[in-house]
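Given chain A, put chains B, C and D in place with the hints provided.
Chains as they are written, first to last, in the UniProt record's numbering: chain A, 1 to 337; chain B, 1 to 337; chain C, 1 to 337; chain D, 1 to 337.
Don't read these hints as lab results, they were simulated from the structure.
Don't take every hint at face value.
[To be verified] Pairs of lysine-lysine residues, derived as DSS-like cross-links and limited to a Cα-Cα distance of at most 25 Å, are as follows:
#, chain 1, residue 1, chain 2, residue 2
1, A, Lys67, C, Lys276
2, B, Lys301, B, Lys156
3, C, Lys13, D, Lys320
4, C, Lys13, D, Lys301
5, D, Lys259, B, Lys320
6, C, Lys276, A, Lys321
[Stated by the list, open to error] Among chain A residues calculated to face chain C with C-beta under 8 Å, some are:
#, residue
7, Val62
8, Thr241
9, Ala245
10, Asp251
11, His260
12, His263
13, Gly291
14, Tyr332
Quick reminder that beta carbons are idealized off the backbone N, C-alpha and C, glycines included.
Number of protein chains: 4
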Amino acid sequence: MIIISKKDASVQKIEELYNFLDRHQLQYNSHSSNGHLVIVVNGTDLHEIKQQIMCFSAVENVIPLSKSYTLAARETRNVNTSIIINNLTIGESELIFAAGPCAVESREQIIETALFLRECGVHILRGGAFKPRTSPYSFQGLGIEALEYLAEAREKTGLAVVTEILSPEDIDIIIQYADIIQIGARNMQNFALLVKAGKSGKPILLKRGIMATVEELLLAAEYILTTGNSQVILCERGIRTFETAVRNTFDISAIPLLKHASHLPVFADPSHASGKIELIAPLAKASVAAGVNGLLIEVHKEPYNAKSDGHQSLTFQLFKKLMKDLQALYDYLKQLD
Amino acid sequence: MIIISKKDASVQKIEELYNFLDRHQLQYNSHSSNGHLVIVVNGTDLHEIKQQIMCFSAVENVIPLSKSYTLAARETRNVNTSIIINNLTIGESELIFAAGPCAVESREQIIETALFLRECGVHILRGGAFKPRTSPYSFQGLGIEALEYLAEAREKTGLAVVTEILSPEDIDIIIQYADIIQIGARNMQNFALLVKAGKSGKPILLKRGIMATVEELLLAAEYILTTGNSQVILCERGIRTFETAVRNTFDISAIPLLKHASHLPVFADPSHASGKIELIAPLAKASVAAGVNGLLIEVHKEPYNAKSDGHQSLTFQLFKKLMKDLQALYDYLKQLD
Amino acid sequence: MIIISKKDASVQKIEELYNFLDRHQLQYNSHSSNGHLVIVVNGTDLHEIKQQIMCFSAVENVIPLSKSYTLAARETRNVNTSIIINNLTIGESELIFAAGPCAVESREQIIETALFLRECGVHILRGGAFKPRTSPYSFQGLGIEALEYLAEAREKTGLAVVTEILSPEDIDIIIQYADIIQIGARNMQNFALLVKAGKSGKPILLKRGIMATVEELLLAAEYILTTGNSQVILCERGIRTFETAVRNTFDISAIPLLKHASHLPVFADPSHASGKIELIAPLAKASVAAGVNGLLIEVHKEPYNAKSDGHQSLTFQLFKKLMKDLQALYDYLKQLD
Amino acid sequence: MIIISKKDASVQKIEELYNFLDRHQLQYNSHSSNGHLVIVVNGTDLHEIKQQIMCFSAVENVIPLSKSYTLAARETRNVNTSIIINNLTIGESELIFAAGPCAVESREQIIETALFLRECGVHILRGGAFKPRTSPYSFQGLGIEALEYLAEAREKTGLAVVTEILSPEDIDIIIQYADIIQIGARNMQNFALLVKAGKSGKPILLKRGIMATVEELLLAAEYILTTGNSQVILCERGIRTFETAVRNTFDISAIPLLKHASHLPVFADPSHASGKIELIAPLAKASVAAGVNGLLIEVHKEPYNAKSDGHQSLTFQLFKKLMKDLQALYDYLKQLD
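Next comes chain A alone, as it looks inside the complex:
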């Protein structure tokens, strides 16, 4: 780390700082420049020590020289991580499609949808059993009943199933049914949940929080990776900004940034990002152009009868056309490189 002193720091105050560094057996070199003392400290940065140094009145700033995340960093592991679920491989040469309704609403709905999606060539069936809703008065999902329907749909179609977990207490029941556990945007920094889901050993789809930086998303992934579970998919789904024309601002830059910083597969969810049907196709195409490994898209047979998120769900017909276009675009771009 680099410590930059205040301009008016006294010799005595600098000495207190040196004593602290010595006490912690840190080695360093110092140079003054432009009125500041610049202290270059050797070795890996320790977050705790860094914070303590910030408390010294002589200190203006501390610049870290270590990445805050290690296991998630491409710097550490320069091979793309692949996730294998039966005969499905995520993170390699194929573009992965995960699709389905926001929430599982009935047995018929999810099975009919799954059959249609399989026919389109979709790989993963999504559907919420436990729904995180801003209002306690909104539909909270069918719970275990939904998990059973999802499992039946999987049996009938061979699609892998991804569903969201809301509480560490549900982990045992969810891993009985899901192939991939989703951690939603609101829970990206629910550290107890990250650790519990990580320990299950299941692949995890980790959505970026609407208030999270790219670095914080990678640190959330790091929580899972430290449990020994390396099967993490990162998912961009829009961030909260001042713009009110969309529900969230889809951060297209996050896709190349994540691909560059990490070896983990990166998905995009254009449905939640925009909250508007007419934006899903352009955002999905843009995501493919920007380099995603997969897409998460909400599909509903009758959006106007959906119990949640109907306004951002594609009809079967629209989805079919879009998926075909995305696949064509992906194949074309691959041969461009």
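Leaving out everything else, chains B, C and D in the frame of chain A:
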């Protein structure tokens, strides 16, 4: 609710919408204005129905006529909620001080601090046992050991104890030790945790998420209130914006907005908002001037030895002076009204 | 417009509001729903009247029924606007490339660059003569000298020239040299400048402010359109958010939103959005996939010798490859539709 | 400045960087730490050089060691700047009140308002002659006519007059009438206007842009200061964030930050920040508690007849009570210190 049609909506599409409203037995009146059809629907808005209506292609917008939260609304209950813990009353005429270190680091530390704070006139001792940290490599708290030290500090001083819960699974152990359960900013929309904490019947200090609107904070409180637990304290602690000169932008307007919209007590946490020692005094004074019921302030005997948040912790000496000023300011403002 | 009363509005206060509407000869129908009075007012909304109605204590909210912009709206004119400059047509079937250095630094630099860009097939040469710089100590541009070099480059290459205007006072000199006048992000709401540039009759490249909503961008365009000048190109270049990994968050959704709301051509500037060389290619491709009419890209022969923005300028070699890919991608996508 | 190399930078690439530094005759010391080379460069940072260094592929980051602003910095001039206009002194021990309508609407209106404000003890009369409006269809101000009314009001009351300039071309006419020139939030980075207004030698009230950092506000002030005009008042008026409950989020932290970083007087404008009458009093009190030198408050005799901003204008009666409270609060706080 009010439904506004698109300008180019066809008669047929409008009819489909009317059929939907009729099918759900909703009563309404329609008028056209400026090319739009405006449909005023009677009765309480149902979130689900509202979302479904948004899916009709004839619809441009739906304007709700019901507040999204009910139990938390002053409109529903126009008497300030008081929270009573032994001989402490929160939400009435007294300015409440909650203070202590970010994390409990040792028995000696928390007991010495508690004794000092009692002497200053502080009401509540804060101290983290389970710490939510952005990085898995940061200090995560002493856990149950910390809870025991907090309980001992309470016994020695009579101060009430507030500490943060991170996982629904910890609720049983935490309610044995804490007088007030804190739900941190990162968990404001951890709905499983809100419900679990709510059901414990304990008073809850609910911190605003850094990317949560005032309305979402009230909806999070509503989750707790629907469990039958009405003892919720709302806490402003800064939101995430583009400004990098501070850790978070303290949203001073939220204080009068919350007091106006809700009957629940409102606290402010100037330490977490700014992340800078020199801003704590002006932000705390501003909070009192804006009408808070209480303040949450980080205090540490030796900030440069703190395991977390030392850079935003006041020393004993600074805290003592600030608390005296805040109390004087509060008393003066009260007699101004 | 629709006026929604407060729940506790008294009969007397509602009467005052009705009197105001009558005094302004507005026609309306009222219905009560869920405790609110809903007044649907006929006719086009007047901004001034709307604001005055907001002042009545009986009023909770006013919902407009007119678009705030008219001339820029596709609703008003459902034919794409084309801008013709000599044998260049912007806004039709061709993908337009505008490229060049951030600032004109010397005669040699701009002429060499222009020759290279023409060879690549670029349509428009960009180069700053007057530079808006956050710091008064940064390079402010060569001024008129730069304009002369740009004109010479145009003569030698046939490229159209776009350059930025900073002050209404410079309009006479700039229109002597530029084919397209750029209004930069910082001046998007410099209304005096918008009007002056509009009145020149020249095509205008209007960049979105980093703090501007899509609607405000369209209102800024409306300022130009009201001068009788319909040749406006809208340009997305990133907005300011909490994310610090990029200079600005490129708002990819703005592209389809603008194409949908307006008939004006839409460009994207991936260089300014990200501030990072490695993001330019993915953002440019994503922009094409999302439907832009053109791209604005910074190119510099020797980025490390650039007087500004070198860190986000492509070298000649990188640009050549990218342009080829973008053109191929555009052509492929066109035949997909 | 400090240059931090990438971890994988090659010896050859580092050498290119050293050559660049040598060519620019920069002196430096280097140390490696944690795989990075850290180069501490002596002397004042040059923005241009810094940007060029960012372009070297060996470079990960450049940390400046000079403040980006100099003349505005308290570091440079540790004496509070006072601005004297006749017998009014801004920036010293008195709390300054600037009040008046958003826009001058008629001779009668502004004179009646001015007489009332003088009676209350207000120091400065505000009133817009040229109005920056998001929509070209909104009231744009009475222009020169308004300036004449303001001058007449000044003559009758002795109040100083502040009014906003929108275009450099208006400077000659405005300085004939105004005692203080206001640069509005939308023009904070209108550099041509800053320089022109600065050169007039008149005191300038510089409002923070809604998307400007505290540092950018100080750099905008620096533009004025470099013209030799040191009479600048900084004004916080709210920033744009995701929160929609208020028009802008009032950044209360900016007040102590600006007072700490700069010697210039700091005002607050609670009217524009919130856009809501009921928030003006708490925000104004909070601003005083946080240390402002003055307040800018919108007052209108009949808000519901105002041509702009009526919904955020206090009535005469409300203003009178608030001003009395603010003065009392200010006096009380002063004796606390």
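So, going through the hints one by one against the coordinates:
1. Taking the CA atoms of lysine 67/A and lysine 276/C, the gap is near 19 Å; set against the 25 Å cutoff, the hint holds.
2. Simply put, lysine 301/B and lysine 156/B have alpha-carbon atoms about 18 Å apart, close enough for the 25 Å limit, and the pair holds.
3. A threshold of 25 Å between alpha carbons decides the hint, and for lysine 13/C with lysine 320/D the separation of about 24 Å falls inside it, so the pair holds.
4. About 18 Å separates the Cα atoms of lysine 13/C and lysine 301/D, which keeps this hinted pair within 25 Å; it holds.
5. As the CA atoms of lysine 259/D and lysine 320/B are separated by approximately 24 Å, the hinted pair is consistent with the 25 Å bound.
6. The hinted pair formed by lysine 276/C and lysine 321/A fails the criterion: a straight-line CA distance of about 34 Å is larger than 25 Å.
7. At its closest, the beta carbon of valine 62/A sits 16 Å from a beta carbon of chain C; the interface hint therefore is violated under the 8 Å criterion.
8. Residue-level restraint check for threonine 241/A holds (minimum Cβ-Cβ distance to chain C is 5 Å; threshold 8 Å).
9. At its closest, the beta carbon of alanine 245/A sits 5 Å from a beta carbon of chain C; the interface hint therefore holds under the 8 Å criterion.
10. Evaluation of the aspartate 251/A hint against chain C yields a held restraint, the C-beta minimum of about 6 Å falling below 8 Å.
11. Taking 8 Å as the C-beta cut-off, the interface hint given for histidine 260/A holds, the closest approach to chain C being about 7 Å.
12. The beta carbon of histidine 263/A is not positioned within 8 Å of any beta carbon in chain C (closest approach about 17 Å), and the interface hint is therefore violated.
13. The restraint placing glycine 291/A at the interface with chain C holds, with a minimum CB-CB distance near 6 Å, inside the 8 Å limit.
14. Hint status for tyrosine 332/A relative to chain C: holds, with the closest Cβ pair at about 5 Å, below 8 Å.
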